[in-house]
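Trainee: Protein chains in written order, with our numbering: chain S, 183 to 461; chain Z, 2 to 294; chain A, 63 to 412.
By construction, these hints were calculated from the structure, which means they are not laboratory data.
Some hints here could point you the wrong way.
[To be verified] Quick list of in silico lysine-lysine cross-link-like pairs, DSSO-like style, CA-CA up to 27 Å: (1) Lys-351(A) to Lys-378(A); (2) Lys-178(A) to Lys-149(Z); (3) Lys-63(Z) to Lys-115(A).
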Amino acid sequence: MATPLALGRRPGVIPGFGLTLGFTLAYLSLIVLIPLAGLVVRAASLGWADFMAIALDPRTLAALRLSFGVSAIAALVNAVFGLVVAWVLVRYDFPGKRIIDAVVDLPFALPTAVAGIALTALYAPNGWVGQYATMLGFKIAYTPIGIFIALVFIGIPFIVRTVEPVLADLDREIEEMAATLGARRWTAVRRVVLPTLVPALLTGFALAFARAVGEYGSVIFIAGNIPYVSEIAPLLIVIRLTEFNYAAATGVATIMLIISFILLFAINLIQAWSRRRLG
Amino acid sequence: MTDIAAPAPHHAARFQPAATERPAVRVLLTVVALAFLGLFLVLPLVSVFYEALSAGFGAFVKALGGRETASAIELTLLVAAISVPANLVFGLTASWAIAKFEFRGKSLLITLIDLPFSVSPVTAGLIYVLMFGAQGYLGPLLAEHGIKVIFAVPGIVLATIFVTFPFIARELIPIMQAQGTQDEEAALSLGASGWQTFFRVTLPNVKWALLYGVLLCNARAMGEFGAVSVVSGHIRGKTNTMPLQVEILYNEYMYRAAFAVASLLALLALVTLIVKSILEWRYADEIAATRRH
Amino acid sequence: MVPLTTFRSRPIGRLVAGALFAAMASMPLVAVPAIADTTLLNVSYDPTRELYKAYDEAFSTYWKEKTGETVTVEQSHGGSGAQARAVIDGLDADVVTLALAADIDAIAARTDKLPKDWATLLPDNSTPYTSTIVFLVRKGNPKGIKDWGDLVKDGVQVITPNPKTSGGARWNYLAAWAYANETFGGDEAKIRDFVGKLYRNVPVLDSGARGSTTTFAQRGIGDVLLAWENEAYLAQNELGPDQFEIVTPSISVKAEPPVALIKGNADAKGTTAVAQAYLDYLYSDAAQKIIAHNYYRPVKPEAADPEDLKRFAALKLVTVDDPQFGGWAKVQPAHFADGAIFDQIYKPGQ
Numbered sequence: 183m184a185t186p187l188a189l190g191r192r193p194g195v196i197p198g199f200g201l202t203l204g205f206t207l208a209y210l211s212l213i214v215l216i217p218l219a220g221l222v223v224r225a226a227s228l229g230w231a232d233f234m235a236i237a238l239d240p241r242t243l244a245a246l247r248l249s250f251g252v253s254a255i256a257a258l259v260n261a262v263f264g265l266v267v268a269w270v271l272v273r274y275d276f277p278g279k280r281i282i283d284a285v286v287d288l289p290f291a292l293p294t295a296v297a298g299i300a301l302t303a304l305y306a307p308n309g310w311v312g313q314y315a316t317m318l319g320f321k322i323a324y325t326p327i328g329i330f331i332a333l334v335f336i337g338i339p340f341i342v343r344t345v346e347p348v349l350a351d352l353d354r355e356i357e358e359m360a361a362t363l364g365a366r367r368w369t370a371v372r373r374v375v376l377p378t379l380v381p382a383l384l385t386g387f388a389l390a391f392a393r394a395v396g397e398y399g400s401v402i403f404i405a406g407n408i409p410y411v412s413e414i415a416p417l418l419i420v421i422r423l424t425e426f427n428y429a430a431a432t433g434v435a436t437i438m439l440i441i442s443f444i445l446l447f448a449i450n451l452i453q454a455w456s457r458r459r460l461g
Numbered sequence: 002m003t004d005i006a007a008p009a010p011h012h013a014a015r016f017q018p019a020a021t022e023r024p025a026v027r028v029l030l031t032v033v034a035l036a037f038l039g040l041f042l043v044l045p046l047v048s049v050f051y052e053a054l055s056a057g058f059g060a061f062v063k064a065l066g067g068r069e070t071a072s073a074i075e076l077t078l079l080v081a082a083i084s085v086p087a088n089l090v091f092g093l094t095a096s097w098a099i100a101k102f103e104f105r106g107k108s109l110l111i112t113l114i115d116l117p118f119s120v121s122p123v124t125a126g127l128i129y130v131l132m133f134g135a136q137g138y139l140g141p142l143l144a145e146h147g148i149k150v151i152f153a154v155p156g157i158v159l160a161t162i163f164v165t166f167p168f169i170a171r172e173l174i175p176i177m178q179a180q181g182t183q184d185e186e187a188a189l190s191l192g193a194s195g196w197q198t199f200f201r202v203t204l205p206n207v208k209w210a211l212l213y214g215v216l217l218c219n220a221r222a223m224g225e226f227g228a229v230s231v232v233s234g235h236i237r238g239k240t241n242t243m244p245l246q247v248e249i250l251y252n253e254y255m256y257r258a259a260f261a262v263a264s265l266l267a268l269l270a271l272v273t274l275i276v277k278s279i280l281e282w283r284y285a286d287e288i289a290a291t292r293r294h
Numbered sequence: 063m064v065p066l067t068t069f070r071s072r073p074i075g076r077l078v079a080g081a082l083f084a085a086m087a088s089m090p091l092v093a094v095p096a097i098a099d100t101t102l103l104n105v106s107y108d109p110t111r112e113l114y115k116a117y118d119e120a121f122s123t124y125w126k127e128k129t130g131e132t133v134t135v136e137q138s139h140g141g142s143g144a145q146a147r148a149v150i151d152g153l154d155a156d157v158v159t160l161a162l163a164a165d166i167d168a169i170a171a172r173t174d175k176l177p178k179d180w181a182t183l184l185p186d187n188s189t190p191y192t193s194t195i196v197f198l199v200r201k202g203n204p205k206g207i208k209d210w211g212d213l214v215k216d217g218v219q220v221i222t223p224n225p226k227t228s229g230g231a232r233w234n235y236l237a238a239w240a241y242a243n244e245t246f247g248g249d250e251a252k253i254r255d256f257v258g259k260l261y262r263n264v265p266v267l268d269s270g271a272r273g274s275t276t277t278f279a280q281r282g283i284g285d286v287l288l289a290w291e292n293e294a295y296l297a298q299n300e301l302g303p304d305q306f307e308i309v310t311p312s313i314s315v316k317a318e319p320p321v322a323l324i325k326g327n328a329d330a331k332g333t334t335a336v337a338q339a340y341l342d343y344l345y346s347d348a349a350q351k352i353i354a355h356n357y358y359r360p361v362k363p364e365a366a367d368p369e370d371l372k373r374f375a376a377l378k379l380v381t382v383d384d385p386q387f388g389g390w391a392k393v394q395p396a397h398f399a400d401g402a403i404f405d406q407i408y409k410p411g412q
């Protein structure tokens, strides 16, 4: 493990500090910080009472609950299956493994709108997969289950790609020792391997969760978009905009932004914690 | 591809039967993993190409022939051609500042660079509407000078830069941090100028991570939907990017054409994945450091 | 596991820089669009795509013959409310052709780009064509849907878009309200109950009319689609007459999608004359013929092809200016504002 903290402490030798940091801060401010500040200022100009009225509006609450709830479930399911996928990819060998490994990154590369129409075509009641669900008497597309499917899709690589390197680096000797000492395989995995993977799993979960909460393109095609039932928070922002209700749009956007910021902060904390624990 | 008996390249060398699962469990886990990926990733991808080509290749080509589709492809390429280099320059400068120097607030800066990643694309579009829209902070000023940002190419580019903002920086920062400053210091002490050091030492050291970041950034830039949708104005043949064109065709009962354009984007995704995989296979060691993050 | 990096001087930097410059240099080539003499932007709503495709062509030909000037009309389509919002935020429309007057009123109220009395500037309340709301059902009408009363029955799934975002959906809502008003003799509690029941039978509330049609026709959801008359015919034609039937209810709403010149934008671009001509020409015999052919009801039926007119069923039509509604200025806040009647009667999942 590299220890980045110890590096780079040679003021004056490497040039370009002013130029690069200056450019970084200017670009960051122009593209990200000032426009985001504009949003927050707009929301702040609403006043506390109006802001709370928007935040506590039943439809806002329903949309936020749906977005965060389904995102959490999708990220959780991804954590479980992503761990299995990472495990299989790191520990086992089978034909076509490299292709499977490459496919994991598909959600990074496939545009969300394309994923949206493809998933809708698959999971609609007359689609390849949806027809079986219909036979069993339930629907996937146009219900929160459809949202769940889309969010699982976009979240897969986050878990796999954060767990994979940690698993690959894991010292197998401890496991072997556990086996030699007579521990059953499952006990060895549970006691020895899984605890080491927890920080990576948490990071992956948080990343997948953060991405899912904001996701728009793939969800709107498959969600059905029924207020209080399958209307996600980003869609509510768009709807409030079309209703000329800028106050509500900025309000919902600001709430999501605050929660996202807290999430990011949490991810950084987890990473710092895992560095301390492992490093 | 390797078969089961052949020695596998990376991990199997260290393989000890004592610390692995029973064959039945291994098969079960493999099947679960493959079924999961198949159902959620492979099937949607296959269905895009299936729907696009189900009416035959001739119909597929014809579906792509429209003037509006051509202009959507042009616009998408243009937007990527501006936003990817912009974020490339940013990624290089930001990682240089962060990796080669120590300063207060560094971790805050890294968090802020990551911020666009967890902002909803819809919010990304909204902030530019609030900024540059006719009712926004700068709207009246821009209108006075006849400058169009929202509902024109600049707005689409800005929104795209925002959503792809961290992609390249995120790949570069960890690898540059890991590599430290010894190489640069050596070059400088041998009399190289700052720029020479950057182009001849730093850049070659991070080239694969850089390419990796550019690849992901480009894929997202060409595929962005939510943010672009908010600022586009949907003028046909003018401000519709390929993903927006997919939505329009889809809503126009032209499912074949929608899936035809979608399949082009899916093809882009496939090419991205293939190039990325080739990079990883050939330069696994050099890239390994980036993956640590 | 940091790879030990050696001092290498491969000129990859120059390569990247070169590629960058190449990308930059090639940009102007890509960026230059084919600029015609004059370009108009018509910002419209979803179901008019086919109509304006045909009309724009006819107008360009007409204008070329009349003045020798080449005019290209660009189209933007979307949910009516979303489109109005875009114009308010600065989308450079020369003309708007939206689903209902309330959306153009919103532009007039929030910008000074067109006068408040825009509706009086063209004949027939600035409405060159009208339409109505009909039912599209599956072949054979398996649920036996004949009129609005059948829509509130248990087990009937109704597809309609969200009236808060879709213009067409507001007409759907008003048509249902008009039926209930007649059935219950103006008893508002019963009317609310009826309309609320109808919306509780809606499994998918898309944000636009096109989304709803897709949900119903392509995805096979629901038993009946409430649709613009033109949209219903179009869906039937595009997706197969062997799959769907159109049912005309006993009473419906006279949907009036108006048009207006966005003078502020057109003046700035110097396109006012041609934009005005573009709207005026909608009332010409040639245009009225195109309108009827695209399943909109022309305001001058005498100009249309009688064959096209035959397709429009006769039914009782209520306008939004009917006393029970009192015009958009009253309907919009009373029914569709935040917390207004629609929000009160429609709370699914609660």
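Trainee: Which of the numbered hints above does this structure break?
Mentor: none
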